[in-house]
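Asker: Residue numbers (my numbering), protein chains in the order written: chain Y, 5 to 257; chain D, 831 to 1141.
FYI, nobody ran anything at the bench for these hints, they're computed from the structure. Just so you know, even glycine gets a beta-carbon here, dropped at the ideal spot from N, CA and C. Just so you know, not all the hints are guaranteed correct.
Said to hold, decoys possible - Take a look, some chain Y residues computed to stay more than 12 Å from chain D by CB distance:
1. E95
2. L182
3. W247
What the hints assert, rightly or not - Derived contacts from chain D toward chain Y, CB cut-off under 10 Å, selection only:
4. C882
5. G883
6. T885
7. R904
8. R907
9. P914
10. I917
11. R933
12. T951
13. S953
14. W955
15. D959
16. A1092
17. Y1093
18. L1119
19. T1121
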Amino acid sequence: MNAQAILSIYRFEMARFFRTLAQSFISPVISTSLYFVVFGAAIGSRIAEVEGVSYGAFIVPGLIMLSVMTQAISNASFGIYFPKFIGTIYELLSAPVNFLEIVLGYVGAAATKALFIGVVILGTSALFVDLQIAHPVAMLAFMILTCISFSLFGFIIGIWAKTFEQLQLIPLLVVTPLVFLGGSFYSISMLPPVWQTVTLFNPVVYLVSGFRWSFFGLADVPLGLSLLAILGFTVLCLGIIWWIFRTGWRIRD
Amino acid sequence: MAAMVQIQDLHKIYHGGFQALKGVTLDIEKGEILALLGPNGAGKTTLISTICGITRPSSGAVTVGGHDIQTDYRKARGLIGLVPQEINLEPFEFVRNTVAFSRGLFGKPRNDGRVEEILKTLSLWDKRDSRIMELSGGMRRRVLIAKALSHDPRVLFLDEPTAGVDVELRRDMWDIVSQLKADGVTIILTTHYIEEAEALADRVGVISKGELLLVEDKSRLVTRMGRKELRIDLQDKLAAVPDTLSDYNLDLAEDGMTVTYAYDTAADRTGIARLVAAFSAEGLVIRDLQTSQSSLEDIFVTLVQETEDAA
């Protein structure tokens, strides 16, 4: 194991993040505040409570999930796409490292950044609403797992993408709609029965549901299923990345 | 002792079907400088990329320091430093960080002192906290070399290191290469500047269309392949070469004032003395004599031409 290499990649990627720390910090604070103004004040005034939780507090887990997922994907996909784009990937390919070490470095850094954003949003939310977290350890575990699995997913997108447009395509066309339709801002029990069934095919539902359970003890789907979904997604992404490096797909002819 | 780099019947067929290497076999000895010459698209970069792990071999085997590049890639790659042809660098990064990053990537513990030494050798120390984008093209090339040297490689690949750099930097680069050789580093450089190969290399390999046409000791190559030319300036204009001199295959210049005689230095007799005597017998007055030796460049052009004609 080339631990030194993992650390080098991780540090190098994090350095980029720290150079723009203010931006990294301010943008989630502002966007979270906006969500609270729009969803919390405007819509929330018409929806008093969802299953005994004030609407403002109810949307917090969904808000965190939305940002964590999109941040993890964009950080990880950019992290590996950029060296490909400017050609510095030659160094990774000629270094004494295996795929796992490359992934640990890049995905580790992307997940750390996403986790940071998640915690900032959690902190900002606490300024707006009265938050109680029923299962703090589970909450953290869910957040970390989501950061990791979506960073893995982003890494795949970064290798797949041949242009900057493609890099944006999946997050924009697939992930954002799935998150918005995945019960981030409502309980799926509020939907008509047909749509409840349709929604169950959306994988994000399981993540948001499990995460929300860790806050309020409320879940749309059984907790075990949520855990299974996120672990399954992680394993699937890891498998795809393993295949990519074994075949050299889009990185090594 | 076994060669530092052993290449055994290496083939590379790219995904699109292009055959870039057609069975290259080559041993590179420890501490030598090998120059690979060849026209664009000959397979020089593919050969280097395959040894370094950027592309995979289609068949054949390569060992570096006795380690197979596929089954024992960690040890093999750990010995190698690569300076690519393209200036691939992250524009927003700082010089010192990017060099330290390379060192870490190759598994070496952080060593600020060593990085400082390397930057100083390459006259980059003043630029250590500059962003890559602020550097000139020549400076960026130095950064590439610094990155390649950051983990103290024993084998250094320089892929056209002086393409498009000014004379001063080229001289600097040659000094650096000589210094590395003195330290026992094995160096493989590709170039299409023949003078570079002539100035630096111990051995010269000529590659064309994916095949290694020859590898030879530089000086021996020049002697073996080298033809010398004797230029004879005449006192009076000559209309045609006299029949008595036809055996010499003389080449008469258009103005009729110069005759050129090509001869092989490796032959038993050069025939110069007899030729001069024959000139006197014909009553031709010689004003001046001049000999010249063909350069690596001439040899190279001839070789590539011959293969193309044969194909």
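Asker: Confirm or reject each hint.
Answerer: Consistency of the hints with the structure:
1. At roughly 6 Å from the closest C-beta of chain D, the C-beta of E95(Y) falls inside 12 Å, breaking its exclusion from the interface.
2. For L182(Y), the shortest C-beta to C-beta distance to chain D comes to about 32 Å, beyond the 12 Å cut-off, and the non-interface label holds.
3. The claim that W247(Y) is not at the interface with chain D holds, since no C-beta of that chain comes within 12 Å of its own (minimum 15 Å).
4. Evaluation of the C882(D) hint against chain Y yields a held restraint, the C-beta minimum of about 4 Å falling below 10 Å.
5. Because the closest C-beta pair between G883(D) and chain Y is about 5 Å apart, less than 10 Å, the hint holds.
6. Of the supplied interface hints, the one on T885(D) holds, with its beta-carbon coming within about 5 Å of a beta-carbon of chain Y, less than 10 Å.
7. The closest approach between the C-beta of R904(D) and any C-beta of chain Y is roughly 4 Å, which is under the 10 Å cut-off, so the hint is satisfied.
8. Interface hint at R907(D): satisfied, since its Cβ lies 4 Å from the closest Cβ of chain Y, which is below the 10 Å cut-off.
9. About 5 Å separates the beta-carbon of P914(D) from the nearest beta-carbon of chain Y, less than 10 Å, and the hint is met.
10. For the restraint placing I917(D) at the interface with chain Y, the shortest Cβ-Cβ distance is roughly 8 Å, inside the 10 Å limit, so the hint holds.
11. For R933(D), the interface hint holds, the least distance from its beta-carbon to any beta-carbon of chain Y being 8 Å, beneath 10 Å.
12. Hint on T951(D) is violated. Least Cβ distance to chain Y is approximately 20 Å, over the 10 Å limit.
13. At a threshold of 10 Å, the smallest CB-CB gap from S953(D) to chain Y is about 22 Å, leaving the interface hint violated.
14. Hint status for W955(D) relative to chain Y: violated, with the closest Cβ pair at about 21 Å, above 10 Å.
15. Among the interface hints, the one on D959(D) is violated; its C-beta lies about 13 Å from the nearest C-beta in chain Y, farther than the 10 Å criterion.
16. With a least beta-carbon distance of about 45 Å to chain Y, the hint placing A1092(D) at the interface is violated under the 10 Å criterion.
17. Because the beta carbon of Y1093(D) sits about 48 Å from the nearest beta carbon in chain Y, more than 10 Å, this interface hint is broken.
18. At about 53 Å, the closest approach between the beta carbon of L1119(D) and any beta carbon in chain Y exceeds 10 Å, and the interface hint on this residue is violated.
19. Using the Cβ-Cβ criterion of 10 Å, the hint placing T1121(D) at the interface with chain Y is not satisfied: the shortest such distance is roughly 47 Å.
Violation of the numbered hints given earlier is confined to hints 1, 12, 13, 14, 15, 16, 17, 18 and 19; the remaining hints are satisfied by the structure.
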